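There are 4 protein chains.
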Amino acid sequence: MTDLGIGLIGYAFMGAAHSQAWRSAPRFFDLPLNPAMNVLCGRNPEAVAAAATKLGWTETETDWRKLLGRDDIQLIDVCTPGDSHAEIAIAALEAGKHVLCEKPLANTVEEAEAMTAAADAAAAKGIRSMVGFTYRRVPAIALARQLVAEGKLGTIRHVRAQYLQDWIADPEAPLSWRLDKEKAGSGALGDIGAHIIDLTQFITGDNIAEVSGQLETFVKERPVAAEHSGLAGTAGSERGPVTVDDAAVFLARFGSGALGVFEATRFATGRKNAIRIEINGSLGSLAFDFEDMNLLHFYDATEDARTAGFRRILATESAHPYVGAWWPPGHLLGYEHGFTHQVVDLVTAIADEADPTPSFADGLRVQRVLAAVEASSTSRQWQEIPE
Amino acid sequence: MTDLGIGLIGYAFMGAAHSQAWRSAPRFFDLPLNPAMNVLCGRNPEAVAAAATKLGWTETETDWRKLLGRDDIQLIDVCTPGDSHAEIAIAALEAGKHVLCEKPLANTVEEAEAMTAAADAAAAKGIRSMVGFTYRRVPAIALARQLVAEGKLGTIRHVRAQYLQDWIADPEAPLSWRLDKEKAGSGALGDIGAHIIDLTQFITGDNIAEVSGQLETFVKERPVAAEHSGLAGTAGSERGPVTVDDAAVFLARFGSGALGVFEATRFATGRKNAIRIEINGSLGSLAFDFEDMNLLHFYDATEDARTAGFRRILATESAHPYVGAWWPPGHLLGYEHGFTHQVVDLVTAIADEADPTPSFADGLRVQRVLAAVEASSTSRQWQEIPE
Amino acid sequence: MTDLGIGLIGYAFMGAAHSQAWRSAPRFFDLPLNPAMNVLCGRNPEAVAAAATKLGWTETETDWRKLLGRDDIQLIDVCTPGDSHAEIAIAALEAGKHVLCEKPLANTVEEAEAMTAAADAAAAKGIRSMVGFTYRRVPAIALARQLVAEGKLGTIRHVRAQYLQDWIADPEAPLSWRLDKEKAGSGALGDIGAHIIDLTQFITGDNIAEVSGQLETFVKERPVAAEHSGLAGTAGSERGPVTVDDAAVFLARFGSGALGVFEATRFATGRKNAIRIEINGSLGSLAFDFEDMNLLHFYDATEDARTAGFRRILATESAHPYVGAWWPPGHLLGYEHGFTHQVVDLVTAIADEADPTPSFADGLRVQRVLAAVEASSTSRQWQEIPE
Amino acid sequence: MTDLGIGLIGYAFMGAAHSQAWRSAPRFFDLPLNPAMNVLCGRNPEAVAAAATKLGWTETETDWRKLLGRDDIQLIDVCTPGDSHAEIAIAALEAGKHVLCEKPLANTVEEAEAMTAAADAAAAKGIRSMVGFTYRRVPAIALARQLVAEGKLGTIRHVRAQYLQDWIADPEAPLSWRLDKEKAGSGALGDIGAHIIDLTQFITGDNIAEVSGQLETFVKERPVAAEHSGLAGTAGSERGPVTVDDAAVFLARFGSGALGVFEATRFATGRKNAIRIEINGSLGSLAFDFEDMNLLHFYDATEDARTAGFRRILATESAHPYVGAWWPPGHLLGYEHGFTHQVVDLVTAIADEADPTPSFADGLRVQRVLAAVEASSTSRQWQEIPE
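Protein chains in written order, with the UniProt record's numbering: chain A, 1 to 387; chain B, 1 to 387; chain C, 1 to 387; chain D, 1 to 387.
Treat the hints as calculated values from the structure; they're not laboratory data. As the structure is a prediction and not an experimental result, all values here were calculated from the model. Just to be clear, a hint being listed does not mean it is correct.
Repeated chains share a single entry, so a pair holds when one copy, or any two copies, can fit it.
[To be verified] Simulated pairs of lysine-lysine, PhoX-like, Cα-Cα distance not exceeding 25 angstroms:
| hint | residue 1 | residue 2 |
| --- | --- | --- |
| 1 | 272 | 152 |
| 2 | 152 | 220 |
| 3 | 125 | 272 |
| 4 | 54 | 125 |
| 5 | 220 | 125 |
| 6 | 125 | 181 |
| 7 | 125 | 152 |
| 8 | 54 | 152 |
| 9 | 54 | 66 |
| 10 | 54 | 220 |
| 11 | 272 | 66 |
| 12 | 181 | 272 |
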């Protein structure tokens with residue numbers, strides 16, 4: 001089988017998740033190409049070498065540009081903070097490498113537009129690109145999309161979506177790059193709000209047309225983390241500003257007229273990674289919560305009133321998307337499986353010479369919603385999303 | 001409208017529940033007879049007078065035999081401890097009074113047999129009797145019975161039922177009449193185990209044929225309650241024996257071959273009144289928990305595997321048993337509503353000259369299972385239930 | 001015991017609920033005055049007579065003004081549509097009658113202001129008034145208020161509240177007075193949105209300061225109901241306009257800075273009466289859903305991470321508000337019990353010569369939020385709530 | 001790092017799960033030895049070669065005895081049906097290979113005794129053995145064990161455990177080796193009942209002392225699967241006997257006096273892999289369901305009654321067993337992670353020269369309970385478990 005040489009840039013949380021995906025995909029799925037975990041890339045030579053050993057990569061590079069010139073690399077997997085996505089992804093596409101880029105696609109609409117243009121140009125030459133909205137590939141979510149696409153919900157009336165975490169609810173939680181606007185571009189809105197924007201657009205097959213939003217930074221200063229200050233033991237004494245939002249809320253109107261209510265926060269005490277989506281249509285409803293990620297709840301309003309009720313679908317049947325490759329019914333999948341499914345679909349698209357989804361254009365669409373929420377938070381008015 | 005004069009004996013927990021039922025039934029349901037709350041009966045004249053004022057009864061008696069001679073009493077409602085059920089109910093039936101008798105029907109099989117004989121004799125003269133297995137009339141339970149009777153579960157394979165409480169899990173909880181074999185006849189087995197025996201026989205339409213059981217008294221001595229000792233302030237110093245079971249577990253085989261697993265306990269810490277019933281048939285399953293009493297969960301195994309799942313039926317639709325008389329969908333009913341439904345069905349049966357259910361024969365059937373569990377606990381063998 | 005003569009105006013859904021409350025309250029609670037169900041009032045003499053018999057009222061009137069002159073009436077209970085609340089309540093207060101008025105307090109801010117002024121004037125003379133936000137008295141909700149007031153949640157960051165129904169999700173559901181702006185004043189916003197505004201302000205002890213909202217009428221024309229057209233059998237052929245909102249969504253900022261996200265809809269297919277409230281504070285969180293109304297979920301963020309988790313509090317302990325008067329733990333209460341608690345607190349306040357809550361001023365506060373949401377929906381900007 | 005050469009025998013369901021564990025463990029955990037996936041063993045040369053490629057093993061063997069002579073194999077991982085466990089495991093231990101043996105340990109008590117003796121003899125020479133009760137290493141289960149060991153539940157009163165599946169509820173589901181007593185030794189009892197016996201003994205730290213049980217084979221004949229009959233297209237026409245139990249129920253008494261109620265079935269329609277365990281102690285309770293495997297519910301009876309309630313612990317915190325190596329809080333683990341944890345603990349024990357658990361003696365203990373349940377089902381009496 002032909003190898004598809006992978007170069008992964010970044011080896012923190014996302015780097016580890018992507019590594020497990022590249023490693024696991026061919027062990028459960030029949031892939032048309034063999035992903036070869038050839039090169040891990042990072043700036044610190046010792047750290048990247050240790051990570052490569054740990055995560056199972058054959059070689060390392062410290063300059064991502066080197067990857068672009070290597071013949072054993074056909075795909076660049078971008079797992080860096082958002083401020084470098086545009087530069088890396090565009091260069092990689094121009095160098096003829098397929099690109100998988102973590103979300104959010106970029107830190108600004110302008111960057112995302114440039115990336116999308118680069119992706120379009122590359123696609124014309126058979127070079128593929130994909131943005132890593134991995135939750136689309138949780139089986140229960142993929143099933144939700146199927147049910148809506150089959151018309152089982154009728155006309156969509158309501159979309160309510162929350163992404164709730166609490167990891168910085170404590171005011172003494174230290175600053176990290178995710179709280180720095182330069183690096184991260186955005187806070188809860190871009191980091192986790194982006195996911196529920198993408199997921200609801202994906203499931204409904206509809207786009208958000210306008211928004212009215214509000215951002216908030218509840219804790220405006222935090223301890224500088226020791227590793228940032230370079231002064232061990234002084235953490236806590238020095239404090240720095242939080243330059244991104246802690247929480248974002250917004251109303252939305254979808255193109256079809258459906259009403260949306262969105263909330264993304266890192267201050268929902270007791271909620272750890274609660275991606276909650278509920279969709280009400282004229283014929284039925286769906287409900288999902290990532291804290292019970294193997295379940296999809298489905299209400300069929302056409303059933304007899306006496307026995308109608310939300311069905312607790314345990315999405316672990318071979319009839320469910322992706323599940324047949326794994327375990328028998330009732331043997332649950334976890335967080336990382338979505339990443340494996342992402343890799344499976346990407347490799348398959350490359351072999352099939354097809355454009356995978358979510359595309360950079362999908363990522364740009366999310367970016368425009370993020371920008372509109374920010375603009376609305378300032379203007380205190382509804383803001384339209386340009387098409 | 002013709003009055004149906006009620007005489008209620010007992011005014012503790014059950015007396016209060018029955019009073020609310022008699023009072024509420026005509027306000028929500030169209031009854032063929034008007035229940036008149038004429039006489040409350042209890043041995044202590046001051047206490048019964050106070051209770052009658054509180055609970056809304058017109059007159060009082062201190063000797064239940066007086067009720068039998070009154071022309072303004074057509075129905076005797078027996079809410080006393082189990083040791084007096086047989087005597088009162090038989091006398092009342094012989095006096096031509098309809099009888100509603102709290103469960104368990106009696107403290108022994110012999111008493112229950114005598115009561116059933118009396119009920120049969122009375123029925124021949126148009127006098128009706130009913131035993132108060134009120135949970136049958138929780139709408140979700142009544143719906144469960146309907147679904148099984150319609151064949152929606154196919155052949156029943158498994159019955160699992162638990163009645164879990166924790167009110168004496170604390171070893172310092174004082175003795176009460178419910179812990180005294182003389183008064184109560186039985187502990188967890190007869191008090192709450194009786195309910196799940198009746199409910200599962202009712203829902204499945206099948207009877208338990210044999211059992212293997214085990215009783216346990218975890219705490220063998222307890223403080224004598226102050227009001228029993230008559231010595232205020234000395235509670236705790238004096239201790240008395242617990243003469244009934246704290247918990248009962250048993251396996252069962254139903255007549256049809258279904259396997260049953262039963263558990264009744266007052267030591268399930270954190271479970272307050274968890275009546276849990278789950279039934280698995282060849283075509284579907286049902287699950288119920290009284291701590292969510294408005295819900296019935298129903299799995300239809302004939303559905304497509306992709307969308308099959310337990311349906312969370314909120315049994316508050318007008319299509320559900322009894323519900324149409326109450327509130328709009330989603331406006332929950334509570335514990336006491338089952339008692340109101342019981343009264344509605346009893347009064348309707350009396351007017352229709354029909355025998356209501358559960359009959360004393362149903363109560364006897366439960367009593368025989370209770371006795372078999374006790375016998376099995378001693379013999380350490382399976383015990384058959386006589387037909 | 002002294003009687004408190006009640007005159008109830010209206011005998012539909014709310015009239016039935018209030019009747020059950022007046023009837024049940026003295027049977028479970030020790031009231032300082034005896035509520036006497038003296039007069040039921042309605043315009044149609046036959047219908048009101050039938051209702052009085054059914055609901056247990058001694059006499060009837062067809063003109064509510066007659067009630068104001070009767071010496072056997074000390075309290076007017078207003079259960080009419082919103083367009084008559086102001087006129088009746090103000091006249092009753094001026095006539096020296098205590099008033100319990102169903103929510104929303106009025107159809108406009110102006111009416112609500114006049115009612116509040118009347119209530120203030122009456123209070124000075126010892127005449128009491130209360131608005132019927134009955135859900136405040138669901139034990140789990142009352143417990144939620146206690147926990148916040150005790151500081152167990154710390155600083156409140158997030159409030160998310162939904163009131164979800166689906167009774168007109170079907171476009172063929174007929175017109176009723178609740179869909180007529182003249183009668184109802186407002187649709188989902190005023191009918192059910194009002195409840196979650198009041199509840200979140202009650203639980204947090206904080207007021208909404210500004211909102212950005214959106215109203216929607218998904219189905220703009222509906223069949224005229226037969227009883228309205230007066231032409232039996234023609235329902236469906238004639239159609240009329242829906243003049244109120246089907247759904248309302250809004251963002252809110254509370255006075256303390258907490259962010260709110262609200263949604264009220266009659267189009268949430270499969271959700272019957274889902275009042276969902278979740279509150280995240282710096283020290284803990286609360287979650288409630290009326291479809292499981294006996295439960296409160298409480299997360300204590302100060303607990304050890306290893307055993308921290310949302311506690312499923314079954315609010316049926318005698319330690320919980322109102323519960324001690326009812327049944328043992330685990331024996332659930334239902335929808336109507338909140339009305340009984342409302343009556344208990346109102347009668348107690350009258351006897352204690354204290355002003356009960358929620359006051360008309362509380363009702364006015366809700367009305368101002370409703371008006372601001374409507375204004376915002378038109379202006380497409382944030383709207384402040386006047387103090 | 002020193003390699004630990006692995007030879008895996010069997011490559012069906014369990015073989016795939018073990019392969020993923022060996023592959024993933026060093027990528028997330030710091031192991032003291034490097035597991036080398038050297039040899040996959042199976043009888044069919046083509047099939048085992050294909051499986052080795054798929055699952056990532058370097059070489060293959062078709063005779064498991066060959067593995068015992070190879071210097072590059074230090075550990076034999078036994079994933080064959082139960083009838084070959086004893087022969088393979090004993091030979092491997094005698095050959096000086098560490099052994100990981102799938103559960104149930106054996107098909108008979110006699111085999112299990114011989115295996116335990118071999119394990120004891122091997123342990124004296126530093127050779128380690130472990131039986132694959134992998135569910136012990138689900139983080140929520142490991143946490144449950146910790147809480148009981150710390151005394152948080154006080155004296156254990158009740159154990160209720162169910163393992164519910166439905167994969168052969170359909171009478172037309174074909175025969176497989178799991179329904180053949182020769183191969184599998186037992187049906188639901190040994191296959192899944194073994195898990196809940198081990199888990200409850202593990203969590204409570206106590207052993208079952210006696211049982212009263214009942215086995216049932218609801219469907220006594222089934223279609224012979226095509227691959228067994230060797231005659232494609234004739235499946236369905238030929239039928240063969242089911243020689244194992246479809247379901248097993250039993251009561252148990254633990255050594256400490258706690259009462260147990262157990263149920264294992266493949267006929268619980270709608271339940272896919274529901275391992276449900278609930279334990280009630282004098283100070284608290286625990287509840288677990290594998291269909292929500294990341295959750296543990298914990299009730300602390302020493303808390304104030306007003307805020308006590310089962311805590312929904314999302315066992316994804318770094319404070320929870322095994323979790324720190326994986327993802328941030330709220331990012332769920334799945335079925336296969338327990339296998340990875342098993343391998344981690346086994347490799348660590350080997351490096352530490354310690355005996356891992358569950359030992360073969362633990363497996364023998366389970367086997368004795370299984371045998372007692374079978375004996376009791378025949379004798380219809382309680383059966384003691386020999387120590």
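(message) Reference check for the pair residue 125 and residue 272, CA-CA at most 25 angstroms: within, between, both, or neither?
(response) neither (42 angstroms within a copy, 47 angstroms between copies)
(message) Reference check for the pair residue 125 and residue 152, CA-CA at most 25 angstroms: within, between, both, or neither?
(response) Answer is neither: 38 angstroms inside a copy and 58 angstroms across each miss the 25 angstroms cutoff.
(request) Check residue 181 against residue 272 for me: Cα-Cα at most 25 angstroms, and say if that holds within a copy, between copies, both or neither. (result) within (23 angstroms within a copy, 43 angstroms between copies)
(message) At most 25 angstroms between CA atoms: does that hold for residue 54 and residue 220 within a copy, between copies, both, or neither?
(response) Classified as neither; 37 angstroms inside a copy, 52 angstroms across copies.
(request) Using 25 angstroms as the alpha carbon limit, work out where residue 125 and residue 181 are close: within a copy, between copies, both or neither. (result) Answer is neither: 35 angstroms inside a copy and 60 angstroms across each miss the 25 angstroms cutoff.
(request) Please work out whether the CA atoms of residue 272 and residue 152 approach to 25 angstroms or closer within one copy, between two copies, in both situations, or in neither? (result) Answer is between; shortest inter-copy Cα gap is 20 angstroms, intra-copy 31 angstroms.
(request) Have a look at residue 54 and residue 125 and pick one of within, between, both or neither, based on CA distance no larger than 25 angstroms. (result) neither (36 angstroms within a copy, 32 angstroms between copies)
(message) At most 25 angstroms between CA atoms: does that hold for residue 220 and residue 125 within a copy, between copies, both, or neither?
(response) Result: close neither inside a copy nor across copies, 47 angstroms intra and 50 angstroms inter.
(message) At most 25 angstroms between alpha carbons: which applies to residue 152 and residue 220, within, between, both or neither?
(response) between (45 angstroms within a copy, 23 angstroms between copies)
(message) Regarding residue 54 and residue 66, is the shortest C-alpha distance of 25 angstroms or less found within a copy, between copies, in both, or in neither?
(response) The answer is within: 22 angstroms in one copy meets 25 angstroms, while 32 angstroms across copies does not.
(message) Treating 25 angstroms as the Cα threshold, decide for residue 54 and residue 152: within, between, both or neither.
(response) The answer is neither: 46 angstroms in one copy and 38 angstroms across copies each exceed 25 angstroms.
(request) First find the shortest C-alpha distance between residue 272 and residue 66 inside one copy, then the shortest across copies, and answer within, between, both or neither for a cut-off of 25 angstroms. (result) Answer is neither: 38 angstroms inside a copy and 50 angstroms across each miss the 25 angstroms cutoff.
Taken one by one, the earlier hints fail for this structure at numbers 3, 4, 5, 6, 7, 8, 10 and 11, listed in ascending order.
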